[in-house]
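Enquirer: Sequence:
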Amino acid sequence: MSTDPSSRFISESAIEEARKEQDAWKRAYESNKPPDNETYDPRTLYERLQEQRLKKSEALAESRKAANQIHKLDYEETRFLESVQEAERLKQLERKRNEQAELTKFKEQMAQQQAKPVRKPQTGLKRERLADKVSGIVRHKPKCEDSPCKRPKQESVLGSLAAYESDSDSD
2 MSTDPSSRFI
12 SESAIEEARK
22 EQDAWKRAYE
32 SNKPPDNETY
42 DPRTLYERLQ
52 EQRLKKSEAL
62 AESRKAANQI
72 HKLDYEETRF
82 LESVQEAERL
92 KQLERKRNEQ
102 AELTKFKEQM
112 AQQQAKPVRK
122 PQTGLKRERL
132 ADKVSGIVRH
142 KPKCEDSPCK
152 RPKQESVLGS
162 LAAYESDSDS
172 D
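Under our numbering, the first residue of the sequence shown is numbered 2, with each subsequent residue one higher.
Think of the hints as simulated: they come from the structure by calculation, not from any bench.
Bear in mind that the values here come from a model prediction, so they are computed numbers and not experimental data.
A couple of the hints might just be wrong.
As the list claims (entries may be wrong) - Pairs of lysine-lysine, PhoX-like flavour, derived with a Cα cap of 20 angstroms:
#1 K97 / K108
#2 K92 / K108
#3 K134 / K117
Unchecked claim - Here are the computed distance ranges between Cβ atoms for each label pair:
#4 K73 / Q53: 52 to 60 angstroms
#5 E59 / E22: 31 to 39 angstroms
#6 T105 / R65: 37 to 45 angstroms
#7 K27 / E52: 33 to 41 angstroms
We put the CB at the ideal spot given by N, CA and C, even for glycine.
Just need the whole structure built from these sequences, with the hints factored in.
Expert: This is the structure:
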């Protein structure tokens, strides 16, 4: 026996090589092994192919069965559907006409209400004429033909200069 400590230790690279070699042996052994999921079928190849063909034809027939359920509409069915569609269209048209008539009736009523003046009930007071009310507000211009017109004062352009009434120096 050797007492050298380096002889008792194995390097990591040696461990990796051993693992790789072991994995390679396992793969080689499993590839030669027959698969477990395939069971032995004693029938001939012809019989197996016939069975597969029969399964495919049944699947095709099943898919076409759904397609055969959809059929084209015949003349009577199309006429019926067109009549139903026409009836719906007429109902819709009648609804629109009724709405339009109600709308015009409403607009006429609103126009009549706005055209009528709102009259307030008279209490004990007399109603004044409009001319009497306006006469105090409106001022009439004096006519210059009969009396001499006074000219309004003209303001000067410069704010510090005073405006004169007349041009004469007789002040």
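Enquirer: Hint by hint, note whether the structure agrees.
Expert: Hints and how they fare:
1. K97 / K108: Measuring from Cα to Cα gives roughly 16 angstroms; hence the hint holds.
2. K92 / K108: The given pair, whose Cα atoms are some 24 angstroms apart, is violated under the 20 angstroms limit.
3. K134 / K117: violated (24 angstroms)
4. K73 / Q53: 52 to 60 angstroms: Hint violated: Cβ distance 35 angstroms, outside 52 to 60 angstroms.
5. E59 / E22: 31 to 39 angstroms: violated (52 angstroms)
6. T105 / R65: 37 to 45 angstroms: The hint (37 to 45 angstroms, Cβ to Cβ) is violated, given that T105 and R65 are roughly 60 angstroms apart.
7. K27 / E52: 33 to 41 angstroms: With Cβ atoms ~37 angstroms apart, the hint holds.
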